[in-house]
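Enquirer: Make the full structure from the sequences, and use the hints.
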Amino acid sequence: MKAFKTHKGIVAPLDLANVDTDMIIPKQFLKAINRTGFGPYLFDEMRYEDEGWYGKDCSKRPLKKDFPLNQPRYQGTSILLARENFGCGSSREHAPWALDDYGIRVIIAPSYADIFYNNCFKNGMLPIILDKELVSGLFAEVAAQEGYELDVDLENQAITTPSGRVIPFELDSFRKHCLLEGLDEIGLTLQSVDKIRAFEVGHRQRQPWMFDAVR
Amino acid sequence: MAGKTLYDKLWDAHLVETREDGTSLIYIDRHIIHEVTSPQAFDGLRMAGRKPWRTDANVATPDHNVPTDHEERKGGIATIVDEVSRIQVKTLDDNCDEFGIKEFKINDHGQGIVHVMGPEQGFTLPGATVVCGDSHTATHGALGCLAHGIGTSEVEHVLATQCLVASKMKNMLVKVDGEMGPGVTAKDIILAIIGKIGTAGGTGYAIEFGGSTLRNLSVEGRMTICNMAIEAGARVGLVGVDEKTIAYIKGRPFAPTGETWDKAVAYWQTLHSDADAHFDAVIEMNAAEIEPYVSWGTSPEMVVPVSGHVPRPEEQADDTRRKGYQRALEYMGLEGGMPVTGIKIDKVFIGSCTNSRIEDLRAAAEVAKGRKKADSIEKVYVVPGSHLVKEQAEAEGLDQIFIEAGMDWREPGCSMCLAMNSDVLGRGEHCASTSNRNFEGRQGAGGRTHLVSPAMAVAAAVTGYITDVRALPPV
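Chains A and B are the protein sequences, given in the same order. Start counting the first sequence at 1; every next residue gets the next number (the numbering used here). Start counting the second sequence at 216; every next residue gets the next number (the numbering used here).
None of these hints come from the bench; they were simulated from the model. Predicted model, so just to flag it, every value in this text is computed and none were measured. Where a beta carbon is used, it is the ideal one built from N, C-alpha and C, also for glycine. Any given hint might turn out to be false.
[As the list claims (entries may be wrong)] Computed Cβ-Cβ distance ranges for the label pairs, DEER-style:
#1 Ala-3/A x Asp-392/B: 47 to 53 angstroms
#2 Arg-165/A x Asn-501/B: 57 to 63 angstroms
#3 Asp-392/B x Trp-53/A: 45 to 51 angstroms
#4 Ser-382/B x Leu-180/A: 14 to 20 angstroms
#5 Glu-530/B x Gly-137/A: 24 to 30 angstroms
#6 Gly-557/B x Asp-50/A: 30 to 36 angstroms
[As the list claims (entries may be wrong)] Here are the simulated DSS-like pairs of lysine-lysine, each with C-alpha atoms no more than 25 angstroms apart in a straight line:
#7 Lys-266/B x Lys-2/A
#8 Lys-538/B x Lys-411/B
#9 Lys-411/B x Lys-122/A
#10 Lys-266/B x Lys-195/A
Expert: So, in structure tokens, the structure goes:
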């Protein structure tokens, strides 16, 4: 996994609560068997006038002009500002894959759905939780200033606004460590191989019916 | 010291280690694999030169993409029209063959929607940890196990290590007491719960469903309720083990037998929350006050009783909520203040991991019997959850009831719940659907979903409008 240390980028606002993973990447794109190439289809139904499908050339598709990612001022965005319960719905990791492939590195919202939140960290992406009022304030600042950028520092858990204001954020230390180091979580778990084996021996004695039933 | 909740007990029984940073390694007993969220995980294993830790902890089946049309299904993978879908289903076969994983292939007897197949095969057992790359894995918690959805990176992690890195969730009890009225089902109860606590109300929690109403529900009804825990934001839904749970498991293909069965039952009987267990949140509901429910908007919390009205955005005090309501009404083509029974329906879908089990089909058939779908209804898809459900329904003659009512009896799969196959809503079409999500575009770009129970879906099919099933004139 790629590491995340600091990131500075243009912020795009998505002023909508309960943005679900069906919005982030509609189901027809889930048929693909690879992890990459979903960026052009990110928010497909909200972003384009016509219907998309996997493999469709998006360069000439008619755009929905009002959608933030289509507006000239937000081109090159890498930080998405969103509302409550972002990423609710299905467990599809295609949602963070699509955001990542589009170039989004940081999401800022008051809350996230659990599975989506977890999936972001597996892909070197940082979902930041900020107080609802702080998020509303950022929406106002983004609207007021074209080219609004934020500077995110994971090590120090701090966001710096263009005016130099520093906003701290919380996150659990394991996820922070994995992101900073770009760690392969499977490799990390396999360092505990002896403990897993030992647990398994006891578990088999306690619940033998959980083993060898499927052949 | 307070007693333990069921979730606490299941967590403790699978805890491999707790690390210094507070995260834990949890041992996984059961992993269910389908074609959509697994190809990238198998690729990851191959790239790292890893093998599955235990093959006997995995079962796979294709469900999301499979055609439900008899002709398209007849030839198995070869007759899937959409090439991208065909490749995905074929990739699952290839991966399972390569890694030695048991798979019920597209037209095998055991194939079905992952969350129907697991319990019916006895692969899902009380006391197990069950995961699958699908958020509706919460369904399995109805059998007293710890079950939740995972992303593809975690699918790979479970395959490689038999464990997940997890943080313990908080405990919530949703206690439903009282007698359910006629025409009210498990689906209506869970829609009422989501309407009450909202789609983020359960975020961070494992929700245990309890109370006399839950005890009186069948195991299949409990599955319908746990299935939609994720629609209330909770990854995990649970119901304590009782005699119904044990009777449900007995005799299923992967269930234990003989002495092992007796030993298992003795353990399973301990799988309920202690009387003095502490819950971080408790929600109480009275089943007698719950009517058949209908969703009007584009989030599962946007629901009202069938006697209710579509809400007016201007009456919402919260700014974000008002905007959400406005957007939803615009998308749904509805006016605030109209009665929900004024909503005209174009298509009906009976199926999905929420409502495609035999009891769901029986409930639908009971309403369909002797009635006909309205001429204005373009199509009624009746999609059994598995081949076994389909066979059982046909043995009971339910298929004939649906066919005589002018409905389409189809092959098992996820179908129009998420429309990855060719069962799709057209732009602007309204669908009375027994599935679990009414998100924008969920059942087809521009499609408009109304979540209802199987009985309510048939009532809509018969009249052409959202209709109170209790008010249908007798046959």
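Enquirer: So, for every hint listed, does it hold in this structure?
Expert: Checked hints:
1. Ala-3/A x Asp-392/B: 47 to 53 angstroms: 52 angstroms, holds
2. Arg-165/A x Asn-501/B: 57 to 63 angstroms: 49 angstroms, violated
3. Asp-392/B x Trp-53/A: 45 to 51 angstroms: Check passed, 48 angstroms falls within 45 to 51 angstroms.
4. Ser-382/B x Leu-180/A: 14 to 20 angstroms: 19 angstroms, holds
5. Glu-530/B x Gly-137/A: 24 to 30 angstroms: 27 angstroms, holds
6. Gly-557/B x Asp-50/A: 30 to 36 angstroms: 31 angstroms, holds
7. Lys-266/B x Lys-2/A: 23 angstroms, holds
8. Lys-538/B x Lys-411/B: 19 angstroms, holds
9. Lys-411/B x Lys-122/A: Violated, at roughly 33 angstroms.
10. Lys-266/B x Lys-195/A: 19 angstroms, holds
Checked against the numbered hints above, the structure violates hints 2, 9; every other hint is satisfied.
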